[in-house]
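Given these sequences and hints, build the entire structure.
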Amino acid sequence: MTEQPHIVNKSGEVATEKVEPVMNRISDERKQQILDDFENFRSYLGKRIHMAENIGLSEESIAKVAQKIADYLAKHEEPQNNEEQLLYELWKVGNEEERHKLAHMLVKMVKEKEDK
Numbered sequence: 009m010t011e012q013p014h015i016v017n018k019s020g021e022v023a024t025e026k027v028e029p030v031m032n033r034i035s036d037e038r039k040q041q042i043l044d045d046f047e048n049f050r051s052y053l054g055k056r057i058h059m060a061e062n063i064g065l066s067e068e069s070i071a072k073v074a075q076k077i078a079d080y081l082a083k084h085e086e087p088q089n090n091e092e093q094l095l096y097e098l099w100k101v102g103n104e105e106e107r108h109k110l111a112h113m114l115v116k117m118v119k120e121k122e123d124k
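Note that the working numbering has the sequence shown beginning at 9, numbered continuously upward.
Among the hints, a few may not be true.
[As the list claims (entries may be wrong)] Straight line, CA to CA, 25 angstroms or less: simulated DMTMM-like cross-link-like pairs of lysine to aspartate or glutamate:
(1) K100 to E86
(2) K121 to E97
(3) K83 to E28
(4) K55 to E37
(5) K55 to E68
(6) K55 to E85
(7) K109 to E122
(8) K55 to D45
(9) K26 to E85
(10) K116 to E86
(11) K116 to E91
(12) K26 to E37
(13) K26 to E68
The hints are simulated quantities; they were obtained by calculation from the structure and are not laboratory data.
The structure presented is a predicted model; accordingly, all values stated were derived computationally and were not measured.
This is how it looks when you write it as C-alpha cells:
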C-alpha cells in the first residue's frame, strides 16, 4: 500500500506543490457535490480550515494553500454558480498579490461563517 501525498506532512510543514495531486484524487462525483452549491463549497472549506487550525497552521499558511487550491480550480473546474463565477472572474483579473489577498479574504469569510 503506497502512501498518498498530503498537503501538510506529519511535522506540520505545508507542501503547496502537492495541492494538484491531492485535488486530482477527489472523485468527479465528490467535486460536483462540493462545487454544485456555494454553501456546500463554503462548508467544505470551513471544515478543512478548522482541521488546519487544529494542527497549528497559521492563517498565512492556510491562505497559501487556499491560493493554490483556487489556482487549481480556476484552471480545471468550471464555476457552478454565480458566487463561483464571481470568484473566478476576480481570480482571472487579479495579479499574484491580489490573488493572495483574495485567498486571505476567502479564509476569513469561511471562518466567520463557521464561528456564527
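The hints, checked one at a time:
no. : hint         : verdict
1   : K100 to E86  : 13 angstroms, holds
2   : K121 to E97  : 23 angstroms, holds
3   : K83 to E28   : 11 angstroms, holds
4   : K55 to E37   : 19 angstroms, holds
5   : K55 to E68   : 17 angstroms, holds
6   : K55 to E85   : 21 angstroms, holds
7   : K109 to E122 : 20 angstroms, holds
8   : K55 to D45   : 16 angstroms, holds
9   : K26 to E85   : 18 angstroms, holds
10  : K116 to E86  : 24 angstroms, holds
11  : K116 to E91  : 16 angstroms, holds
12  : K26 to E37   : 21 angstroms, holds
13  : K26 to E68   : 17 angstroms, holds
In this structure, every one of the numbered hints holds.
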